[in-house]
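> Residue numbers (my numbering), protein chains in the order written: chain Y, 1 to 324; chain A, 1001 to 1353; chain D, 2001 to 2247; chain P, 3001 to 3296.
Hints are not guaranteed to be accurate.
Among the chain P residues that face chain A by a calculated CB cut under 10 Å, a handful are [as the list claims (entries may be wrong)]:
{"id": "1", "residue": "Phe3040"}
{"id": "2", "residue": "Glu3161"}
{"id": "3", "residue": "Gly3204"}
{"id": "4", "residue": "Leu3205"}
{"id": "5", "residue": "Ile3253"}
Derived EDC-like pairs: lysine to aspartate or glutamate, alpha-carbon spacing no greater than 20 Å straight-line [to be verified]:
{"id": "6", "chain 1": "A", "residue 1": "Lys1176", "chain 2": "P", "residue 2": "Glu3203"}
{"id": "7", "chain 1": "D", "residue 1": "Lys2190", "chain 2": "D", "residue 2": "Glu2134"}
{"id": "8", "chain 1": "A", "residue 1": "Lys1299", "chain 2": "A", "residue 2": "Asp1035"}
{"id": "9", "chain 1": "D", "residue 1": "Lys2110", "chain 2": "P", "residue 2": "Glu3194"}
{"id": "10", "chain 1": "A", "residue 1": "Lys1155", "chain 2": "P", "residue 2": "Glu3053"}
{"id": "11", "chain 1": "A", "residue 1": "Lys1275", "chain 2": "A", "residue 2": "Asp1248"}
{"id": "12", "chain 1": "D", "residue 1": "Lys2110", "chain 2": "P", "residue 2": "Glu3203"}
{"id": "13", "chain 1": "D", "residue 1": "Lys2083", "chain 2": "P", "residue 2": "Glu3203"}
{"id": "14", "chain 1": "D", "residue 1": "Lys2190", "chain 2": "D", "residue 2": "Glu2180"}
{"id": "15", "chain 1": "A", "residue 1": "Lys1084", "chain 2": "Y", "residue 2": "Glu157"}
Derived by calculation from the structure, the hints in this document are not laboratory data. The beta-carbon is built from N, C-alpha and C at its ideal position, and this holds for glycine as well.
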Amino acid sequence: MNRWLDRGITLLLLALLGWAGWSILHWLLVGADWSVVTTNLPLYAVGSFPADQRWRPLLWMAALITLTLLTLTGPKRGWVRRWLPLVWIAMAPLGLWLLAGGLGLLPVGTRSWGGLTLTLLLTGGSGALALPLGILLALGRRSELPVLRWSSAAYIELMRAVPLIAVLFFGQLLIPLFLPPGLEINRVLRAVVAFALFAAAYIAEDVRGGLQAIPPTQREAAAVLGLSPRQVLQLVVLPQALRVALPSLTNQAVGLLQNTSLMAILGLVELLGISRSLLANPAFIGRYLEVYLWLAAVYWLACSAMALLARHLEVQLDPARSAS
Amino acid sequence: MFRSSSRVLIVALAGLSSFLASCASLDSAAGSRLDLVKARGELLCGVSGKIPGFSFLSPDGRYTGLDVDICRAMAAAFVSDAEKVQYRPLTAPERFTALRSGEIDLLSRNTTHTLSRDAVGGNGLRFGPVVFHDGQGLMVNAASGVRSLADLSGKAICVGSGTTTEQNLNDAFASKGLPYTPIKYQDLNQVVGGYLQGRCAAMTSDRSQLAAARSGFSDPQAHQILYDRISKEPLAPAVVGGDQPMGDAMTWVINALIEAEERGITQANVDAVVKQAAADPSQTALRRFLGVDPGLGRKLGLADDFVVQVIRSTGNYGEIYNRHLGPDSAVAIPRGANRLAGEGGLMISPPFT
Amino acid sequence: MTVAIRATDLVKSYSQGVRALDGVTLEVNRGEVLVVMGPSGSGKSTLIRTFNGLESLDGGALDVLGVRLDATHAERQVREIRKRVGMVFQQFNLFPHLSILDNITLAPIKVQQRAKAAAEQRAMDLLDQMGIREQAHKYPAQLSGGQQQRVAIARALALDPEVMLFDEPTSALDPERVKEVLDAMRQLAKGGMTMVVVTHELGFAREVADRVMFMDRGQVVETSDPETFFSNAREERSRRFLNQMQH
Amino acid sequence: MRQRRLLVQVGVAALLIGLLALLVNNLAVNLIRTGLGLGFGWLGRPAGFALAETALPYAPSDSYLWALTIGWLNSLKVIAAGLVLATGLGVAAGAARSSNNRLLRSLAAGYVALIRQVPLLLQLLFWYFVAFLGLPSVPIGGLIRLSNQGIQLLGLNLSVEFCAVLVGLTVFTGASIAEIVRGGINAVPRGQWEAFRSLGLGEGLGLRRIVLPQALPAILPALTSQYLNLAKNSTLAIAVGYADLYAVSDTTITQTGRAIEGFLLLLLSFLLLNLLISGGMAAFNRAVLGRLNRSR
C-alpha cells in the first residue's frame, strides 16, 4: 500500500475517532442523567429479592468475582491452585442455597430472583446441564448403532434449525401442556431446561468436531494396551477431544450468557428484563441510552471475564505447559 | 466402540422418562385451583410489571400498583396472608397461556373483559367484577394540530401488540375507512418510547395508561389525549373457566372491596368496626359481611372473616384506588366512572346475603 | 559491464538478537549467474529475499537496477523493483485456484496492463520454452513438482524481468525431477539472464555459475569462480562444507 | 454380539417412542381439559390486525394464513439484505485485521471485541430506540433522506424498524464473519503472499485475487452457520416492532389461543428457511470446491 494513502487513512480515522470520542465524553459527563442507573443499582444486581435478604445474592456475586480474580492472577501457592477447581464447582450449590434459602436461611421463591444474579444462574445452570447432554449427543451421533445415530442427529439438526426464542417460547408456555396436570416445573428451571436443550445441540457439534480431530491411531494405541472401550473413551479420546473443542465451547458459553437476555422478551426479569421494568417507572421514562450503555458495559465485562477464564483454562490444559 | 456410551444414554433416557412417567389422565384435573392455592399456602398471580399505577417494580424491589393490590387482597382472602403472593410478570401475548397451563392461579394484568375471552369457544376464562373502567384513547402532541381520528389518516400509530388495543384501533379506523400504519411494540414502555421519540403521530392505549404515561413526561402539557374514545375497556381479573370455586372466590373478594367502601370500612377502622359489630347484634347485614355471624365465607370455601383479612391488608377499593391512582399518587387519574354507583360511577357490589 | 545489484553492508536481525545478515556486501553484474551456497540458517535465503523487498532491512543499502532500498525505503520502490525482478521459490507457490495459464498471465494483465491475448500468447511461448505447453489449461495440483516449478519460472519470466532470483528451486523436488528444472535454468543462463541462485546443486554451480558465493552465519565467507571454489577453496569453513556435501 | 446390538437398539427405539407417546398423551389430555382441540381451520379466518410493512397487498380482513405469509416475506426481506451486508462488512473487517495500517487493524479488532461480547437483543434495542429513533430529519443530496419515520434511498422507502433490525443483524453477524475471514486468511500459506508480492501485485489485488479465493473453502462452512444464525436471530425483530414471521405468529397465537398449531407453523417455516439457506450455500460450496478440486 502506498505510504501516503496509508497516512491519509490514519489521519482520517484519527479525526473521526477524535470527534466521536469528544462527543461521547461530552455526553457522558454533561448530557447523561445517570440517576436511572445509580438509584436502581441493587435491582440490576439482584432483582426484586427481598430487601433484607439482598446480602445473599450479593455475597454470592462477590464470591464469584473474587474467585475470578483469584483464578486469573494465577496464585503461586500450590495448595491454592489445587483447591481452585473444587471451589469453582462448589459455587453452584452455594449459589442455589444462598438464593433459595432453607437450611437456616429464609426461603425465597424463584419468582423473586432477578437481575444479574438470575442471568448468571441461568447461564451456569443451563451450561452445567448442556455440557453432559451435548457430549452424550455427540457420542450418540458417532455411534455404530443406527437408531442411536439417527435419533441423535435428528435432535441436533432440529434444534439447530429453530430460533432460540422459539425454543424458549416452547419452554415457557408449551412445556406445561406436555406435562401431567398438577406437575409444575418451576419457571426458572423451565428456562434453564429450555436453554440447556438448545445449547446441547450446539455443544454436541463442537464436541463431535473435537472427536473427529483425534486420529484413529490414538484409539488403537489405547486399545492395544488392554483398555476397555469405555476406558479408551474416558481416559484417552474424550479428554483430548474436549481440549480440542474448548475454544468453540468457550464461544458457546459466552453465547449462552448473552442469550439469557432473550428471556426479557418472555417476561423473566433477568438483567435486561429488570431494566425494561425500570424504564416503565415514570421517573425514568426515556432514559434508554443510559440504561443500554450501562447494560452493555455489564454484559461486556461478564462476557470478557468468562472468555478470559476459558483462555486461562486452555493454557492450564495445554499439555506442553503441564509437561514443563 | 461406543457400546458403553449407548448404555449411558439408555440410563439417561430411562431417568428422564421415569421423571415424566406420572402419566396424565383426565381424572387428576378434578380439584379446584382454590384448594391447590390453599394447600400451597401461596398465590401465583400474573401481573404486567410494566404499567405505572397498576403494577411496576419500585426501587425497593417490590411490585406495587392497583393490579398488585388485587393479588394481595386475593391472597389475604385465600390463605390469610397478603404477602403470600408470588408475582409473575407476563407479557400480553403470554398471559392466557400462562393461566391455562397452570403457570399462574389468577391473572390481574390490565385485562379487558370481552366476549371471546370469556366464552367456552374462545379463551374460556372466568372474569371477576370490573376493577377499573377504562376506555381506549389516543394521545398526540398538542402542537401537531391533530384533534380527531380523521386527522390521523395515513399516519403511523404506536400500539402494543397482541392486545385488544390493537384490534380496537383497527376497528376504529376501518369503520371510518381511514388508512393508518400500526407500529407494534411488546409493551407500553416501548410504545411510550416510540411515541416520545417521534416515530408515531399518536400512541394508543387505555386512557388510564395514557394518563399514567403522560404524568412521567418531562412536559406533560405538551401532550393531549384526544376526545375520541375508541373502545370501552372494563379491566378485570380472571381465572380459568369452569372452575367455579376459584371464580366465585375471586368475584366476591372484589365485591367485598367495593362493599367495604360503600360501608365506609377502611384499613384504619376495620378492627374497630368488627368490635362494634360484635357488640351490636342488631347490625345483621354488617355482621354477616364481616363474618362475625358465620356462613358466607364458608359458602365460598374461604374463612368466614375473609373480608376482614382483605380490608386489613389492602383497605377498601377506594383506598386502593387513591393509593395508586389518586390525586396524590405519581399517576393521577380522575376517578370518573370508577366512583361508587351512589356517587355517579359504575362501581357497585351485589348484596352480601 | 554494468552492475545489476549492489549490496552494501546489509544487516538484518530477527528477534532475540539473531543476525540473519551481518554486514553483507556484494555486487552482481548484468548477465552474470551468481550461485549462493552455505549451510542451512546461514542467511542465504534471507539475502536474496531482501533483493525484491520480501524482507526489510535493518541496516545497509541495496541498489537493485538503479533503485535504492534501505531501512526506510517506501513501498513504491519495492513495487518498482518487483516488476523488474522475477523470483522462484522452493515451494513453487503457484496459486492453486488458478489454471496454469492464469497463474502466468495474472501479473502481466494486472500489473503491466497488457492485453489479455498478448499476455496469453507470451505465456504459451514461455510454456513452450519450458516444454510444458500442453499443461496450460490444467491446475497446479494436477502437475508434477518439476512441472510446477517450471510453471513458476515461466510465471516469473512473463513479466520480462531483468534479474531472476531462485530460492532453492530444486530442494522440494523428487530427485528424478530435479534435472528438468535445472535444464530450464541452464537454458535461461545461456540466454544471458542475470541470475542469483541459492542452491545445493554442486553440479549446476560448477557448470553454470560465473561466481560462487559462500555464506555462513549471516556473513560472506568467500566469493570465487567455480573452478577455484570447488577445487581449491580459500577458507577452511568452505572446504568443510564442500566435504560434507560431497560425501 | 450382534443380537445384543440389536437388543440395545430396539430398547432405545422403544424408549424414545414411549417418551414421545407419553408427551403426546399428556398434550391431548391437557388440550381436552382446557377445551381446545387441534386444528388448522382458524387459518382461513380474518386476522383482524393490520401490519405496518407488507411486501404484497394485505388488509386486516385477509386471513391469518395470509398475514403469516406476509410476516414470512418480511423475515425473508431482512434476512436476504442482512446476509449481503453482513458478508460485505465481515469480509472488510476481516481483511482490515491483516492490513498494514496499524490503526485500521486495531479499529477492526476493537469492533470485533466490542460487538461480540454484548447481547444482540441489547444491540437491537440500542439501534432502534437510540440510533434510528434519534435521527434528525435530514436530506442528504436529493437521493437520500434520513428521518425517524424512515429512510428514503433512491426511491426505496425503508421503515426505521426494518433499518434497525438490518443494521443490528449486520453489525452483529459482521463481527463473527470478520473472525471467520481472518481465520481463513491466516490459513493461506505465507508463500502465497510472497509469490504475488514477488510478481509486483499490490496488497489489495493480491488479497482479492489470490488469498481470499483460497481462504474460501475454509471460510464457507463456518459462514453457512453464521448465515443460519442471522436468519434465526432475525426473530428478535419482535423487540423493535418489525412485523417479522415470529412477531406475526406471536400476535396470531395471542388472538386465537392456538399455541401448538402456531408453534408448529413457525417450526415448519424455519425448517424451510434453513433448507433454502443451507441448500444455496451447499450449491455455492460445491461450485467453489469443484473448481479447487479440479485444480488439485
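> Which hint numbers does the structure go against, in order from smallest to largest?
As far as the earlier hints go, 1, 3, 4, 6, 7, 11, 15 are violated by this structure, in ascending order.
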